[in-house]
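**Student:** Next come the chains, spelled out residue by residue.
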Amino acid sequence: MGKDTLEIAINGLKLVLIFLMMVQAVPILVWLERRGSAFIQNRFGPNRVGPLGLLQLLADAVKFLTKEDFYPRTAVKTLFYLAPVFALIPATLAFCAIPMSTPIQVAAFDAFGSSWGPYVFKIQGFDISVGIVYILGMSSLAAYTILMAGWGSGSKYSLLGALRASAQTISYELALGLSIVGVILLYGTFDLTSMIQAQEGALHFQMMGQTVTSQFLPNWGFFYQPLGAVLFFAATFAESNRLPFDLAEGEAELVAGFHTEYGGFKMLMFFIGEYGHMMVASGLFAAFYLGGYALPIPSWNPAAVLHWSTELLGSKESGSVLAAIIHFLSFNIKFGLLLWIFIWVRWTLPRFRYDQLMDLGWKTMLPWSLANAMITAVGVYLASVAMV
Amino acid sequence: MADVIVFWFLALVTVGSGLAVVLLPNPIYCALCLAMTMVGVSALFVTLGAYFIAGVQLIVYAGAVLVLFTMVLMLFDLKSETNAFSRGVITGAIKVACAGVLSGLIAGAIVMTLGQRSSVVSPLAEKSAIDSTKALGKLLFQENVFAFEALGVLLLVIAVGTVSLARSKGGTHAKH
Amino acid sequence: MPLGGIIFLALFILAFGVFLIFLARKIGGRKPGPAVKFEAYECGITGVAKKDTKISVKFYLTAILFILFDIEIIFMYPWAVTYRDFIASGQGAFVLSAMFIFLAVFIFGLFWEIKSRALEWD
Numbered sequence: 009m010g011k012d013t014l015e016i017a018i019n020g021l022k023l024v025l026i027f028l029m030m031v032q033a034v035p036i037l038v039w040l041e042r043r044g045s046a047f048i049q050n051r052f053g054p055n056r057v058g059p060l061g062l063l064q065l066l067a068d069a070v071k072f073l074t075k076e077d078f079y080p081r082t083a084v085k086t087l088f089y090l091a092p093v094f095a096l097i098p099a100t101l102a103f104c105a106i107p108m109s110t111p112i113q114v115a116a117f118d119a120f121g122s123s124w125g126p127y128v129f130k131i132q133g134f135d136i137s138v139g140i141v142y143i144l145g146m147s148s149l150a151a152y153t154i155l156m157a158g159w160g161s162g163s164k165y166s167l168l169g170a171l172r173a174s175a176q177t178i179s180y181e182l183a184l185g186l187s188i189v190g191v192i193l194l195y196g197t198f199d200l201t202s203m204i205q206a207q208e209g210a211l212h213f214q215m216m217g218q219t220v221t222s223q224f225l226p227n228w229g230f231f232y233q234p235l236g237a238v239l240f241f242a243a244t245f246a247e248s249n250r251l252p253f254d255l256a257e258g259e260a261e262l263v264a265g266f267h268t269e270y271g272g273f274k275m276l277m278f279f280i281g282e283y284g285h286m287m288v289a290s291g292l293f294a295a296f297y298l299g300g301y302a303l304p305i306p307s308w309n310p311a312a313v314l315h316w317s318t319e320l321l322g323s324k325e326s327g328s329v330l331a332a333i334i335h336f337l338s339f340n341i342k343f344g345l346l347l348w349i350f351i352w353v354r355w356t357l358p359r360f361r362y363d364q365l366m367d368l369g370w371k372t373m374l375p376w377s378l379a380n381a382m383i384t385a386v387g388v389y390l391a392s393v394a395m396v
Numbered sequence: 165m166a167d168v169i170v171f172w173f174l175a176l177v178t179v180g181s182g183l184a185v186v187l188l189p190n191p192i193y194c195a196l197c198l199a200m201t202m203v204g205v206s207a208l209f210v211t212l213g214a215y216f217i218a219g220v221q222l223i224v225y226a227g228a229v230l231v232l233f234t235m236v237l238m239l240f241d242l243k244s245e246t247n248a249f250s251r252g253v254i255t256g257a258i259k260v261a262c263a264g265v266l267s268g269l270i271a272g273a274i275v276m277t278l279g280q281r282s283s284v285v286s287p288l289a290e291k292s293a294i295d296s297t298k299a300l301g302k303l304l305f306q307e308n309v310f311a312f313e314a315l316g317v318l319l320l321v322i323a324v325g326t327v328s329l330a331r332s333k334g335g336t337h338a339k340h
Numbered sequence: 010m011p012l013g014g015i016i017f018l019a020l021f022i023l024a025f026g027v028f029l030i031f032l033a034r035k036i037g038g039r040k041p042g043p044a045v046k047f048e049a050y051e052c053g054i055t056g057v058a059k060k061d062t063k064i065s066v067k068f069y070l071t072a073i074l075f076i077l078f079d080i081e082i083i084f085m086y087p088w089a090v091t092y093r094d095f096i097a098s099g100q101g102a103f104v105l106s107a108m109f110i111f112l113a114v115f116i117f118g119l120f121w122e123i124k125s126r127a128l129e130w131d
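Chains as they are written, first to last, in this note's numbering: chain A, 9 to 396; chain B, 165 to 340; chain C, 10 to 131.
Keep in mind that the hints are not guaranteed to be accurate.
[As the list claims (entries may be wrong)] Okay, derived cross-link-like pairs now, BS3-like style, lysine-lysine, Cα gap no bigger than 27 Å in a straight line:
(1) K130(A) to K259(B)
(2) K324(A) to K22(A)
(3) K85(A) to K40(C)
Hints in this document: simulated from the structure, not taken from any laboratory.
With the sequences and hints as input, model every part of the structure.
**Tutor:** Quick look at the structure:
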């Protein structure tokens, strides 16, 4: 956590801030989803409360809070109430491991009769060197939330929805895990920051015994792993139970799946969990395939931006703050675009049938991601043999 | 200091949820507590510097095996089965015998290793996580490559066995 | 590895969530009503006990097959992360073929299951 009290305190505060930011982002995403869906379906969407309907978020929060607290007679109360709380934990813990910007440097200073620092604060909850394994492990715990809610509700629809949802989640976890193997092969590390650093500079590859360097394309993982990126992104849709994979809550057959019996704030917490999974997926996709927080222009790599802002502001510390802000914005643009794709797809594609869903996961995506891993392995081997 | 607090907290969570697995009457709670135990064990692996093993523990045990357990337990109506294995003299005798054997094993393990406690190094290893994973990879793919291939075949055998069992005729779900 | 941070955040979220649920219970309240109000949702008719719910063995099969494949995929991770080191030390071809043999068994298993209709949902 840190070397002294101040560093531990700031790192702890950072974790709380990231969590609160995730919670805050959810109403905005819900607004975006409702306005976006209205735009796609040629409707107005929420536009009465405040400018562009933005205050609708506030009104919704008040409404959620004042809803009557309901649990069915057949519910197992402990699980019924704990499930929405646990829905928040895996997504947040996973998201905290995603690097969002370059670190901020703080110079040594004297206060309270002792000297502090110098410090380096990362814009990332935890810096974990086995980041991918940790994130996968945390995300796999999300199945318990669903099962707890489904069984705890004491309702048939909830139980069926939970079983479907967990079977679907675990099926697509295979394709997800395998498509990440290609990424690990490419960068040779589990560490997300190292992956982002490996994507700096211009796109270059070996062809006919000489190195071809692109003038304007960045060295992003997407250009090396196009198939892996598509498979990864599709699998994350299923992982976060979003349309076209939201079989768990197919209204026509299962009412609302595992959250049939939930309302008010408890429902909102499930929503935060679902959007949290979308955020983890978008952040991971950005880190794996889109250069993470780096700017999309090859010569403006993080080191160059840091150098430029240091020149501009005159000191190393304020320069690192400016660079961190620039990279944070860059990360958020990629992140926001990916989240918009999640919303866009939801209102564009119809839902699958359950057998189609399972077929797609086991018979299409699993073999293809296996092929992707094998091709990447051979490619990495040939490329490094050609280098020698 | 912080390491010690983290260790004691994890030990408490792991042992506490492990005890809950044994003591709680409702199998669903038992399965969920067992999942909690697995998460605790995974965190304890981290304190020992075995980062990849910790991840595997989390993904395979907490994220897959116990999800299966919980799913299967939820398929049954458990209220009528809660008391099925809790009464009777023979069951009681088996329980006492099991508890005796287990505590004997633990006591034996403690007694036998009492004198040979190795030097106390901070378990939060100096070795970086990625190095320990790479060391594991080297061991696995250089020295134990045959065991690794054999494991692949073993997993295939399990898969075939499971599918055959699920498809066998005569059960309640047999295909016609 | 910031284990302390992970535990801290998990406990914080737990406390935060429990507090919110508690707050919503206090504000929302729980009003009395006819007994049928507290039944689980059953599209308007009187509920039937969930005892009768029979669930396809497919879910069980899917979960077991998932565990097996998950273990196989987990074994690819240390391989993938050490792969470049092996290539650098000249053992790339050996390790690649070792993994391809392992994957051949994997692929055989996968196609056997597809062919034996273990993964069919009908």
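**Student:** Does each hint fit the structure? Answer for all of them.
**Tutor:** Here is what the structure says about each hint:
1. K130(A) to K259(B): Cα-Cα ~53 Å, so violated.
2. K324(A) to K22(A): 22 Å, holds
3. K85(A) to K40(C): The hint holds at about 17 Å.
In this structure, the one hint that does not hold is number 1.
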